[in-house]
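S.K.: Listed below are the residues making up each chain.
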Amino acid sequence: MTGRTFLQDTWWIAWRELKHFVAEKVRVFMILVQPFIWLVLMGNLFEKMATIPGFPARSYLDYMAPGVVTMVTLFGGIFGGLSIVWDRRLGFLNKLLAAPISRAAVVSGKMLAIAIQTAVQAGVIFVIALAMGVTFKSGPLGALAVILLAALLSLVFAGMSLSLSAVLRTHEALMAVMNFLTMPLMFTSNAMMPLEFMPKWLGTLAKVNPLSYAINPMRTLFITGWRPAELFEGLLILSLVAVAFGLVATRLFRRAVA
Amino acid sequence: MIPGPAPATPGERDGAIIRVTDLAKTYPGGVRAVSGITFDVRPGEIFGFLGPNGAGKTTTILMLITLLRPTSGRAVVAGHDIITEPDRVRLRIGYVSQDIAVDETLTGRENLYLQGRLYHLDRETIAARTREVLEMVDLTERADARVSTYSGGMRKRLDIAEGLIHRPEVLFLDEPTLGLDIQTRHRIWEYIRRLRSDEGITVFLTTHYMEEADQLCDRIGIIDHGRLVALGTPDELKASIGGDLLVIEVAGQSSTAPEDRAASGLVRLLESVEGVTRVSPTENGRWLLVVRSGEQTAPRVLAALGGAGLEVRSLAMKKPSLDDVFLHYTGRELREAGGGQDFLRHRLSLRRARM
Chain A
1 MTGRTFLQDT
11 WWIAWRELKH
21 FVAEKVRVFM
31 ILVQPFIWLV
41 LMGNLFEKMA
51 TIPGFPARSY
61 LDYMAPGVVT
71 MVTLFGGIFG
81 GLSIVWDRRL
91 GFLNKLLAAP
101 ISRAAVVSGK
111 MLAIAIQTAV
121 QAGVIFVIAL
131 AMGVTFKSGP
141 LGALAVILLA
151 ALLSLVFAGM
161 SLSLSAVLRT
171 HEALMAVMNF
181 LTMPLMFTSN
191 AMMPLEFMPK
201 WLGTLAKVNP
211 LSYAINPMRT
221 LFITGWRPAE
231 LFEGLLILSL
241 VAVAFGLVAT
251 RLFRRAVA
Chain B
259 MIPGPAPATP
269 GERDGAIIRV
279 TDLAKTYPGG
289 VRAVSGITFD
299 VRPGEIFGFL
309 GPNGAGKTTT
319 ILMLITLLRP
329 TSGRAVVAGH
339 DIITEPDRVR
349 LRIGYVSQDI
359 AVDETLTGRE
369 NLYLQGRLYH
379 LDRETIAART
389 REVLEMVDLT
399 ERADARVSTY
409 SGGMRKRLDI
419 AEGLIHRPEV
429 LFLDEPTLGL
439 DIQTRHRIWE
449 YIRRLRSDEG
459 ITVFLTTHYM
469 EEADQLCDRI
479 GIIDHGRLVA
489 LGTPDELKAS
499 IGGDLLVIEV
509 AGQSSTAPED
519 RAASGLVRLL
529 ESVEGVTRVS
539 PTENGRWLLV
549 VRSGEQTAPR
559 VLAALGGAGL
569 EVRSLAMKKP
579 SLDDVFLHYT
589 GRELREAGGG
599 QDFLRHRLSL
609 RRARM
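Those protein sequence lines, which keep their order, are chains A and B. Position 121 of the first sequence, counting from 1, maps to 121 under my numbering, and the rest follow consecutively. Position 29 of the second sequence, counting from 1, maps to 287 under my numbering, and the rest follow consecutively.
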């Protein structure tokens, strides 16, 4: 199996997922509407937070915009394992495995599709946020960096989700575990609340949560401007964790179908 | 003892397109699904595995298409070893599972396109091949509609077309007509025959439908509890029973009654009639006699029973069917060994749940 055919196989697996993504008109519509609702709702709900001394942003909406980007990323990525569980149930997985493609391409293709979807969603949220008057200090290149961070973060959660789907195998068990994971992942990060406002133990958890490595540099790009060291640290750690989960998922998956 | 053609000599085995030797699979947990089967499939033939659900048919197919690693034994498919060269095997075979594994969200043409890409064909080859296989399964007109609008039979035909996109040398069909109605089943048989005559493809299929094995297959392997119990053409298998069949019902002598002296006396009496080679009870209380010539033996049986003062309620004479062959080799009737309906219902409700 050469590197080139691996990339091609990955693309064609992703192609199918992307076809599913655009086929569902309601879903595409919700993707556009949902972040808008969140920004309006949360922005207004927690408006007063910004008046607390020590709050790191001009308005809660400014603070929240990158939080919504990561939230959407988290949900998009973590339910990525479902598609493989469905493929297994409907017999489509066996069809893929009977084809002369590598097992790793099935995993990487699903991950790639999720990263592309997330990048699109992140772009949409970004535009909506700007339209709502959210501050953004780092220009068009900064916008690309935000989208890249979101895509990498989605790979982390997609890898996590695909690993779990290889072990759990049923859609019911997977849903239960995913639902269990999303909220803690969200609230043990500083997506919605500054670290300084959290109890100390929660702040410690936030430091090992991969979400934080996307949201900190993202927030800096929104509120402060360029801080290259933080950005590169985030990109590097997210890439490493994403590759690690990808490898784990491939390994578990290979074993599960042996 | 495997009836039919003499066990293949080394020379014959060299010409085989599928060569299976002592292939066995024991699942983790100790379930022995396939226990040491050996057979050859010749190029260009339609070869069928006939057996009840759970006999080991699907396990055998999954091993031959390299999705399941055998516990022991080996197999060579289209010139390549399934264990050491799985990628080469995959390129040369097509596989159509018993799940109708087509993507409902895509159109028929998109399904074929994806399949072609997964077999590393280029765009032009896929386009040309798509036209051919669509024509072959009569789906050209609906090719650009979403598969979610297709009937069950259309989906199955699309699935078969997908298995053909890369011109495989061997096509594996696992229960190709499971759950389809009679007309659709006959149409699928037609397509499979056409594949063999037009494209020279070797077809390996599994089925638990007697008529399917009888009418479609050149040769049949009967598989039960993971063992290959008989192998040959349908005619050879029927002839291997050793004659015609008589089914008689005798008043007061039900074959399902607890064994008593009267019944064993009846068996002895029947066995003593000239031309009767074997007597066995049937599930519904009658007696099944294997006889050399039905026409000549039936009157003799009636005379012998009449002479012993026994009343014959009914008598039927028939030529052996594959049903009888299955009963003969396994001691069970195939239809009692379980059908596939529950599985199909489960699958259909799943599909609805997804939409």
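Calculated from the structure, these hints are not laboratory results. Any given hint could turn out to be false.
[As the list claims (entries may be wrong)] Straight line, CA to CA, 16 Å or less: simulated EDC-like cross-link-like pairs of lysine to aspartate or glutamate:
hint : chain 1 : residue 1 : chain 2 : residue 2
1    : B       : K496      : B       : E469
2    : B       : K496      : B       : E529
3    : A       : K19       : B       : E368
4    : A       : K19       : B       : D402
5    : A       : K19       : B       : E362
This one's a predicted model, so the numbers in the text were calculated from it and none came from an experiment.
S.K.: Taking the hints in turn, state whether each one holds.
M.R.: Evaluation of the provided hints:
As the CA atoms of K496 (chain B) and E469 (chain B) are separated by approximately 13 Å, the hinted pair is consistent with the 16 Å bound. For the hint pairing K496 (chain B) with E529 (chain B), the CA-to-CA distance comes to about 21 Å; that exceeds 16 Å, so the pair is violated. Pair hint K19 (chain A) plus E368 (chain B) holds up; C-alpha atoms about 10 Å apart against a cutoff of 16 Å. Our distance criterion of 16 Å between C-alpha atoms is met by K19 (chain A) and D402 (chain B), whose separation comes to about 14 Å.
For the proposed pair K19 (chain A) and E362 (chain B), the alpha carbon gap of about 11 Å is at most 16 Å, so the pair holds.
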